[in-house]
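> Sequence:
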Amino acid sequence: MFKRIINTVSILIVLSYILVVIYGLYCNVPFKNEFSKDCIVLILYLAFFYLGKACLSDTIKSKKGSKEKKTSKTVIVIGSIFLVSGILLGVATLDNIYKLRIDSSEYKNGDIISVELKVKKITIETNTGGRGASRHVTTEITEIEGTNIRNNEKLEFKHCSFYVSEISQGQVYNVKYLKTTHRILNIQEKK
Numbered sequence: 010m011f012k013r014i015i016n017t018v019s020i021l022i023v024l025s026y027i028l029v030v031i032y033g034l035y036c037n038v039p040f041k042n043e044f045s046k047d048c049i050v051l052i053l054y055l056a057f058f059y060l061g062k063a064c065l066s067d068t069i070k071s072k073k074g075s076k077e078k079k080t081s082k083t084v085i086v087i088g089s090i091f092l093v094s095g096i097l098l099g100v101a102t103l104d105n106i107y108k109l110r111i112d113s114s115e116y117k118n119g120d121i122i123s124v125e126l127k128v129k130k131i132t133i134e135t136n137t138g139g140r141g142a143s144r145h146v147t148t149e150i151t152e153i154e155g156t157n158i159r160n161n162e163k164l165e166f167k168h169c170s171f172y173v174s175e176i177s178q179g180q181v182y183n184v185k186y187l188k189t190t191h192r193i194l195n196i197q198e199k200k
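Sequential numbering from 10 applies to the sequence shown in this note's numbering.
Take the hints with a grain of salt, since some may be wrong.
[What the hints assert, rightly or not] Within a straight-line C-alpha distance of at most 25 Å, the following computed DSS-like cross-link-like pairs (lysine-lysine) qualify:
#1 LYS62 / LYS12
#2 LYS41 / LYS185
#3 LYS12 / LYS82
#4 LYS117 / LYS129
#5 LYS200 / LYS163
#6 LYS12 / LYS70
#7 LYS200 / LYS129
#8 LYS185 / LYS117
#9 LYS130 / LYS185
No lab work stands behind these hints: they were computed from the structure.
Can you make the complete structure from the sequences, with help from the hints?
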């Protein structure tokens with residue numbers, strides 16, 4: 010009975026992700042690259058969760074002899090780590106599904122806010138990739154804080170990805186973003 014519930018929940022998570030992606034593609038959202046990033050989290054959820062479940066179920070089913078106690082304890086610990094990691098990744102997947110659904114429906118309904126933003130603070134992160142001679146460093150802006158010029162409202166945009174040359178502090182930009190999640194759709198320097 011418990012196994013059926015777990016499998017049903019996993020199938021529902023995968024199906025809801027597929028339906029949200031289809032809905033996003035139907036709405037022709039400009040953030041389609043997020044779908045592949047969130048798909049990786051979904052795949053890791055399935056792999057870790059079922060690996061942990063398999064480790065624990067095999068250990069519990071097997072008969073314990075005196076020599077197998079240390080091995081079974083190790084497998085239980087490793088299986089528990091994988092199972093907990095899988096559960097956490099499953100919760101992250103549900104959060105991603107919710108955000109993508111909200112963003113897609115807001116984009117389809119036209120709930121896009123346009124403001125003139127004066128950038129007060131930017132957060133820059135450096136990512137390193139590749140190996141050996143093909144190693145490269147990418148510097149990108151991940152967070153933007155600023156104020157709306159019209160009403161002095163403070164706005165924060167997190168989880169963005171812009172090159173350092175695109176945005177600078179103290180400049181004024183025309184920004185289009187979604188209301189609920191503050192996902193930036195378009196940013197251009199005001200001339």
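> Which of the listed hints are not met by the structure?
Hint 4 alone not satisfied by this model.
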